[in-house]
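Each number in the numbering used here comes from the position in the sequence shown (counting from 1) with 378 added on.
Some hints could be false.
The following label-pair restraints were derived from C-beta to C-beta distances [said to hold, decoys possible]:
#1 424 x 398: 45 to 51 Å
#2 447 x 472: 29 to 35 Å
#3 395 x 465: 19 to 25 Å
The set of hints was computed from the structure by calculation and includes no laboratory data. Note that the structure is a prediction, hence the values are computed from the model and not measured. Built from N, CA and C at the ideal position, the CB exists for glycine as well.
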Amino acid sequence: MTLTTRQLSQLSAVAGRPVSRHTVSRRLHEGGLFARPVVCVPLCPEHLGARLYCSREHRSWIPEQWGHVFFTDESRFRNHSRRSMIWREPGTRYREPNIVERDHYRGGRLLVW
379 MTLTTRQLSQ LSAVAGRPVS RHTVSRRLHE GGLFARPVVC VPLCPEHLGA
429 RLYCSREHRS WIPEQWGHVF FTDESRFRNH SRRSMIWREP GTRYREPNIV
479 ERDHYRGGRL LVW
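Model the full structure from these sequences, guided by the hints.
Structure below.
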């Protein structure tokens with residue numbers, strides 16, 4: 379769990395005494411909440427259908443046809459490696475409040491093919 383200095387200051391002001399991030403983490407654990415990575419938005423039915431359609435259309439291709447397809451593999455480099463974490467109860471991974479849409483291509487990263 380990562381708390382900013384501002385968040386710890388606000389907690390300390392409300393509590394009327396110093397509060398450490400370890401105390402906050404321990405209390406959340408006692409309440410049954412644990413820090414977990416944010417899950418990606420699952421594919422919608424339209425995207426699942428499109429993937430299935432594409433795979434069925436190309437399953438009978440011969441190697442010569444696949445030779446005209448350009449396959450790429452990408453590597454991602456970031457200026458930080460922190461993952462987004464949320465506090466949630468076990469077994470609630472796919473509940474609406476625990477799913478966050480993310481922009482995978484915003485600044486601070488470099489994709490190399």
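Now for the hints, and whether the structure bears them out:
1. Taking 45 to 51 Å as the suggested C-beta distance range, the pair residue 424 and residue 398 conforms, at roughly 47 Å.
2. Separation of residue 447 from residue 472 is about 34 Å and conforms to the stated range, judged on CB atoms against 29 to 35 Å.
3. Separated by about 22 Å at the C-beta atoms, residue 395 and residue 465 satisfy the suggested range of 19 to 25 Å.
In summary, the structure agrees with every hint in the numbered list given earlier.
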